[in-house]
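Start from the sequences and build out the full structure, keeping to the hints where you can.
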Amino acid sequence: MASLRITPRGFAVLIVICLIGAARSVLVGGWHRQSVGDNAMFEELAHFAISRQVGDREYFDTVLELVDVETQVVAGTNYRIKFKVGESTCRVTETYTKEACVPQSRETVKDTCTAVIYDVPWLNERSVSSFTCEGSSTST
10 MASLRITPRG FAVLIVICLI GAARSVLVGG WHRQSVGDNA MFEELAHFAI SRQVGDREYF
70 DTVLELVDVE TQVVAGTNYR IKFKVGESTC RVTETYTKEA CVPQSRETVK DTCTAVIYDV
130 PWLNERSVSS FTCEGSSTST
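Final position of the sequence shown in the numbering used here is 149; the numbers increase by one with none missing.
Bear in mind the hints are in silico, worked out from the structure with no lab data behind them. Please read these numbers as outputs of a predicted model, since none were measured by experiment. For every residue, glycine included, the Cβ atom is placed at its ideal position computed from N, Cα and C. Hints may contain errors.
Claimed, not checked - Now the in silico label distances, taken between C-beta atoms and shown as ranges:
hint, residue 1, residue 2, range
1, 98, 130, 26 to 32 Å
2, 46, 130, 16 to 22 Å
3, 67, 118, 16 to 22 Å
4, 98, 41, 21 to 27 Å
5, 41, 139, 17 to 23 Å
6, 16, 86, 41 to 47 Å
7, 101, 44, 31 to 37 Å
The structure is reproduced here in structure tokens:
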């Protein structure tokens, strides 16, 4: 049986290759950037988060455009979604739906907000962990 001998230089090259591979690998439990258009669920989650924000408003805000999406796998998935919002046509006394609560104006961006939504589909559980806007700050 032949034995495998690695020279010190060969060993160093092997270590460097392993380190490069480790640096490129996915960090378990870390946040990972996603392409905004990759999944229609990202927009659905942004609308879910905005529908929970009523405060002292007369009209719901609505999602105009997704800006950035990151995901984090935990005991479920956290979605950190940044999006532009505008005032919708729906009063907060009505039921919010993406289809009914359209923007009053697509040209008027009211704010840019970031929501973290925790989703566990196999338990049918979804909640807004945090919600902040650059112009104002609202937390849940």
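Item to check | Structure versus earlier hints - violations, ascending order | outcome: Violated: hint 4 alone.
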